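Number of protein chains: 4
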Amino acid sequence: MLTAYANYQFSIIHSPLDLRDLPTQLSSYQRIDMRRTRIEAELGVDLKHVEPRTEILGTSEQKNCEQMFGVVPIPVGYAGPLTVTFSNGQRSELHLPLATTEGALVASVNRGAKATVAGITIVRTVNHGMTRTIAFGIKNPSASLRASQESRIKNVRFSIEAIVNGIRNNERQWKAAAEATSGHLKVMSYDIDISKQYVFLTTAFDTDEAMGMNMVTIASQAIADWLTANVEGTECVTVAGNVDSDKKPSRRTHERGRGFDVTCVADVSPETIRDVLKTTPEALLRVADAKLVIGSSLAGAIGHNLHAANVVAALYLATGQDVAHTVEGSLADTEVIQHGGSLRIQVRLPALLVGVRGGGTELPAQAQCRALLMKNKSGLPGKQQLAESVAAAVLAGELSLLAAQATNTLAKAHEKLGR
Amino acid sequence: MLTAYANYQFSIIHSPLDLRDLPTQLSSYQRIDMRRTRIEAELGVDLKHVEPRTEILGTSEQKNCEQMFGVVPIPVGYAGPLTVTFSNGQRSELHLPLATTEGALVASVNRGAKATVAGITIVRTVNHGMTRTIAFGIKNPSASLRASQESRIKNVRFSIEAIVNGIRNNERQWKAAAEATSGHLKVMSYDIDISKQYVFLTTAFDTDEAMGMNMVTIASQAIADWLTANVEGTECVTVAGNVDSDKKPSRRTHERGRGFDVTCVADVSPETIRDVLKTTPEALLRVADAKLVIGSSLAGAIGHNLHAANVVAALYLATGQDVAHTVEGSLADTEVIQHGGSLRIQVRLPALLVGVRGGGTELPAQAQCRALLMKNKSGLPGKQQLAESVAAAVLAGELSLLAAQATNTLAKAHEKLGR
Amino acid sequence: MLTAYANYQFSIIHSPLDLRDLPTQLSSYQRIDMRRTRIEAELGVDLKHVEPRTEILGTSEQKNCEQMFGVVPIPVGYAGPLTVTFSNGQRSELHLPLATTEGALVASVNRGAKATVAGITIVRTVNHGMTRTIAFGIKNPSASLRASQESRIKNVRFSIEAIVNGIRNNERQWKAAAEATSGHLKVMSYDIDISKQYVFLTTAFDTDEAMGMNMVTIASQAIADWLTANVEGTECVTVAGNVDSDKKPSRRTHERGRGFDVTCVADVSPETIRDVLKTTPEALLRVADAKLVIGSSLAGAIGHNLHAANVVAALYLATGQDVAHTVEGSLADTEVIQHGGSLRIQVRLPALLVGVRGGGTELPAQAQCRALLMKNKSGLPGKQQLAESVAAAVLAGELSLLAAQATNTLAKAHEKLGR
Amino acid sequence: MLTAYANYQFSIIHSPLDLRDLPTQLSSYQRIDMRRTRIEAELGVDLKHVEPRTEILGTSEQKNCEQMFGVVPIPVGYAGPLTVTFSNGQRSELHLPLATTEGALVASVNRGAKATVAGITIVRTVNHGMTRTIAFGIKNPSASLRASQESRIKNVRFSIEAIVNGIRNNERQWKAAAEATSGHLKVMSYDIDISKQYVFLTTAFDTDEAMGMNMVTIASQAIADWLTANVEGTECVTVAGNVDSDKKPSRRTHERGRGFDVTCVADVSPETIRDVLKTTPEALLRVADAKLVIGSSLAGAIGHNLHAANVVAALYLATGQDVAHTVEGSLADTEVIQHGGSLRIQVRLPALLVGVRGGGTELPAQAQCRALLMKNKSGLPGKQQLAESVAAAVLAGELSLLAAQATNTLAKAHEKLGR
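Residue numbers (our numbering), protein chains in the order written: chain F, 1 to 419; chain D, 1 to 419; chain H, 1 to 419; chain S, 1 to 419.
Everything labelled a hint here was simulated from the structure, so no lab data went into it.
Because the structure is a prediction, the values reported are computed rather than measured.
Some clues are possibly wrong.
Claimed, not checked - Here are the simulated DSS-like cross-link-like pairs (lysine-lysine), alpha carbons at most 25 Å apart as the crow flies:
no.	chain 1	residue 1	chain 2	residue 2
1	S	Lys114	S	Lys278
2	S	Lys412	S	Lys278
3	D	Lys278	D	Lys139
4	H	Lys139	H	Lys114
5	D	Lys48	F	Lys377
6	S	Lys175	S	Lys186
7	H	Lys114	H	Lys412
8	D	Lys48	F	Lys278
9	H	Lys186	S	Lys412
10	S	Lys278	H	Lys48
11	D	Lys175	D	Lys186
12	D	Lys377	F	Lys139
13	S	Lys278	H	Lys139
14	D	Lys186	F	Lys48
15	D	Lys412	F	Lys186
16	S	Lys139	H	Lys278
17	H	Lys377	S	Lys48
The task is simple: from the sequences and hints, build the whole structure.
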């Protein structure tokens, strides 16, 4: 084996740079090593620091990353404990693994955890499911020409309505086709939008413990296949028609939610604001008004928050989520009001797209960080507990940064911690 | 030393969980190890897979991540070579290190590289600089009461105009104050917005080779300090007033750009579309119309693209950028038109916020991935070459995914590669 | 009588300018005349051309316009006949009275009527009802301070939820209170939005034959009164909380509709395009793509149309509607596609707010114009027939202007007709 | 003459309904009369109340309304006097003619005038000019095929850049072509947007005393003609490419302004709020926060105001403006803050499109109402004085309605005045 490996390695160095089809009998580590060696030889670059330890590979080379030649390590810091009451009333302490290279972030969330020691409460969680939008069009438009001309007077209604009716009248069948693609997937609901010559079918799926983007793509293809085979004149233009706006910021996601739509709230006493955050309720309210209400509006932002994306990205990276879903995380709304004698801070995250199975969540290091974050069981489904935990962490980060800005210490923190 | 370390380790296990102030005479690795051991002992979780190799630590424990207790390794795959003509006319081949846990992404970009073998051209790059918005308000509003009442008739103009005039009339001075904070920072331009009782000053800075968010925060604090000290009645509400919408999606960033605003284009021949992408120009145009023009618009999206965030995130992670800036990367616009006998695909990325110094860019593995990506020098400043390289990679990803959707193979690719 | 009138008139000329409380025993005409005479004398202006004919006054001086001193006559032109199939399948010919001072508008709609002689079909009408949003807040926030402090740990949920629950749990009662204000009003549905310390209750009402803005304001006040009296801690901040966005353009109105949401469509044959519109399907499609899809999107417009507001305003004025609702009319979406051998043009007007009773609709001239427009009965409720008629007229206007732009004759038409 | 007229009238009754080409030797009144008689006979409707008085016709039948058959009279009420300081410092009293059929509007503005007796100040007026957007495309795309294929490698830049360069390099010439179309028109500035295969040229014109939409359309046609004749490969797709968003609500108009962009402000003392508006500063601030800041934002509105469209429409109608431009008027932003001891209300109207010549402004009754409104000369150009007067009237309307909502008297006012 070793000899064969060495020979193979030798030979590829002299062939054009193609890193794909390496012998399947090799280990993941060996294939990664060959690719790295090969790139180094061909391009004269040094890649020794991206060499992985064998035990953290898991399925990454086979399932998570084609032509994998190494890893970049993202530092993980600890913040917490964070006191949270989940939406089912269960009170718990969270330990946050934050993967980031941006100095000051972990320290900031940690301070937010201290300032919310009285507890963050999840007041509302809606599971909208994972959505995927199929765009349908009319098949063979030129062939329908003659028919249309023969019956121009009578055929005044949209022939596109045939597609809509096909969807509405065959719900049972195409849902069955979708659910046949996986034992872990169920159709929750669907929406139809019509624009120009297209019908957009947006289906929301329950994907069990997985984030499920791949599952819903496969299920959507099955729906598209069923409808094009059974509803005359229907053509699938794409199974990803952007009304779902996956990994793109949109008003629809902001307004209607996608995945987990979580709202959490914390009341912070004047004493805590003074002792932990070193500022006053009035100063916090003023920054919130200038920045979150007015500044965000001037920018034409979707979502009015401080830095939700920072905390979402750090927890997504640490727990193996798809980090590009940070985009949806950035749609958060943070509001600060006076409430009784306290300052109330509320954060709504309309679209947390997370999983506890599949994708990067099962890689060894990521799985251990997730186990740390979810150490204390709430009784909620794992995916929901994860989403609610992320929301609470975001609130801690929002509060802490708000205070840093109210005291003009943001720059100082960056001078000290972030370089 | 070893004894002291062991003793210290022992003692902290029995004190309340505080991972911050470990002895400075210890190495980063030792401190990380102590924290991990401590968490494991306190919480009964296993964190051995997040243990880092010493040689990849660089400054991470001191500068990039407080309370660091380990790393999560993100797999890096190779895509390329990608043929690019930079904005200065220099033609080059790019080798892309893509850090991701999402199966199929690397393979998709790789196919996009093959389909654009005739070359991607950067047609426009504007460096808007890194922006930061200070929100000013009127100092001590109640004190201004009497003055106002005495002169109600004459004092009809905004007293807030005093702040605006203070900014306009003292440009030289506050710019000098800003530039005194770093030899690597220059003020490029500024904008003023007025709303309610606030004046928002958005300054754009040239931050040399760094992405520069920290530098501009410090410089903005200096501007705020100068103006509040020298313009009577002026108060700084926050040095981060959200008009810059850092890490938040906004129409202003989309319309006006921030950081590097890069537009690139590729012409793809019908033969390449047939042979590499296995589809037709007509099918690609139809998917682009349904998805990018109509679907995105129905969603109320800012930016009309396929999955720019995926490629931006993968390159940002690999090269040590701030991954939360993926949010701005998601604002891309992808357009597909017929052009002569070819299909032309154009991508504009209005806000690429990157650096080649500071932040995570200098960590050992990240620096090596960056060296791979930037192996061939273009003659452009390093930061600009990096931004243009990211843009070209996004185009390759857009084209490939567009083709997958036109051929209904998106689901198949996910069945095969992503799980 | 005459003497008394003359004396009164004389006396007021010498008192300060107050035109309100004129003797009720005078006729409307006399009061209008006195006001006009008085303004002329006081200010030295000539107002003889605003003198009304007695027979067109109706209730205007008592009910439609305080301190009325005359009228401005708006020219009304005829366009038609317009062939329409209403949503109930009834085919009819419409005669359009268009009130406008903008030359070329009537001629343009008239040409659109000719080009749609094969018929415009109303494919969808949804009656969303007239909406009004009440904003509720927490009563006496400072008094709730002590209670809150005593129970800070337990009282983590929103006390604002008490308001929401009060609404949800007392539906029957507050609906009854609303419906008690008028025999012509019914509650159709309601929505709740929560933001900051406010609860927004948006109620949709069926207002019978009236447009109904006044009725729903009165009914909303009754709802507000009932809830503040019966749900402890609830305060009405305003009965017009802008979520309804009456007379303001908003995405919510565009997306969800308000009042009548009407979609109509017409197929235009290549022969008609050539003979009546003097252009080609290709040219029309290209203008529509550049202007409606791309141009409107660049502008960040809500609604993508040509000049829906022109036709809506002209018909609203002629038939006595509230012309400020032209704002909602401007939210229309016009789409043009190839369909079989024809060009299909579709217009959706998401918010037509019309009535056939009350407001200006019963003034003598306006009532006659309405009778002309609605001469042929469709069997639909009058208000719906009016809304569908307006939608069809808008489509005719959109098609005609599109053609003028495709042939570069827009400027010529304005040179000839509009000055 | 009389005989001929009678005969002609008789004959047309028996021919198909065509109201266009009536004998030019007849008077406007006679032609209007014939059309009305004819419609009455053909359709059996009664139109006697739309009969105009001869002296109010002016040019309406020849220039303002094709196929004119009568008038609808819109009641005009008086509100005022309104104390205003124009942007040049001139203080004046305005008398407002408000044309409306909506009861309570005149009374409301009148009360606003009383509450601002200390004066409304115009703090900023920018004349952006009247804009029109031409959309250009590439001429004969198929012909450029061969050239493109021969030089695929070199021709990497957009050929669309040829159009852009043609515009930039020939500014002097096409501006001259535009200005040759009218002695009253000057090019002020221009903007270029590129999207898909289109180049949008938005030109801003000074149109002297006219609102000028027709003038700028004719001038834009001249620009389009010049550029298509002189820049190879350029084609005009439409002279009205919607980036100007005329009569459509758009973010661009809201952000950048169009026509006159006027900001005005008034300080209202606590005593006036108590005595005239029957409420308190606190109550007004709370309604403004709930309604204008939060409610409008929830609705996704462009512009945050109470009912600017009502006042704009009423003054536009009375003074002969194009009432469809009420749409742009609805984009106003109203802000209320505490300022010294007073309440400060500020209104920005980003797009007031008005004229004092042309269109409906010269009709006899409309001209008299305009003369009333502009009785006191400010020294400003007439069009600017008109725009600033409209803005001040809107502020009065906003303040009064705000107070009605703060006191829960909105419903009562409608019960009493509007029915």
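Tested hints:
no.	hint	result
1	S/Lys114 with S/Lys278	12 Å, holds
2	S/Lys412 with S/Lys278	14 Å, holds
3	D/Lys278 with D/Lys139	65 Å, violated
4	H/Lys139 with H/Lys114	60 Å, violated
5	D/Lys48 with F/Lys377	22 Å, holds
6	S/Lys175 with S/Lys186	8 Å, holds
7	H/Lys114 with H/Lys412	20 Å, holds
8	D/Lys48 with F/Lys278	38 Å, violated
9	H/Lys186 with S/Lys412	20 Å, holds
10	S/Lys278 with H/Lys48	38 Å, violated
11	D/Lys175 with D/Lys186	8 Å, holds
12	D/Lys377 with F/Lys139	49 Å, violated
13	S/Lys278 with H/Lys139	20 Å, holds
14	D/Lys186 with F/Lys48	37 Å, violated
15	D/Lys412 with F/Lys186	20 Å, holds
16	S/Lys139 with H/Lys278	20 Å, holds
17	H/Lys377 with S/Lys48	22 Å, holds
When each numbered hint is compared with the structure, violations occur for hints 3, 4, 8, 10, 12 and 14.
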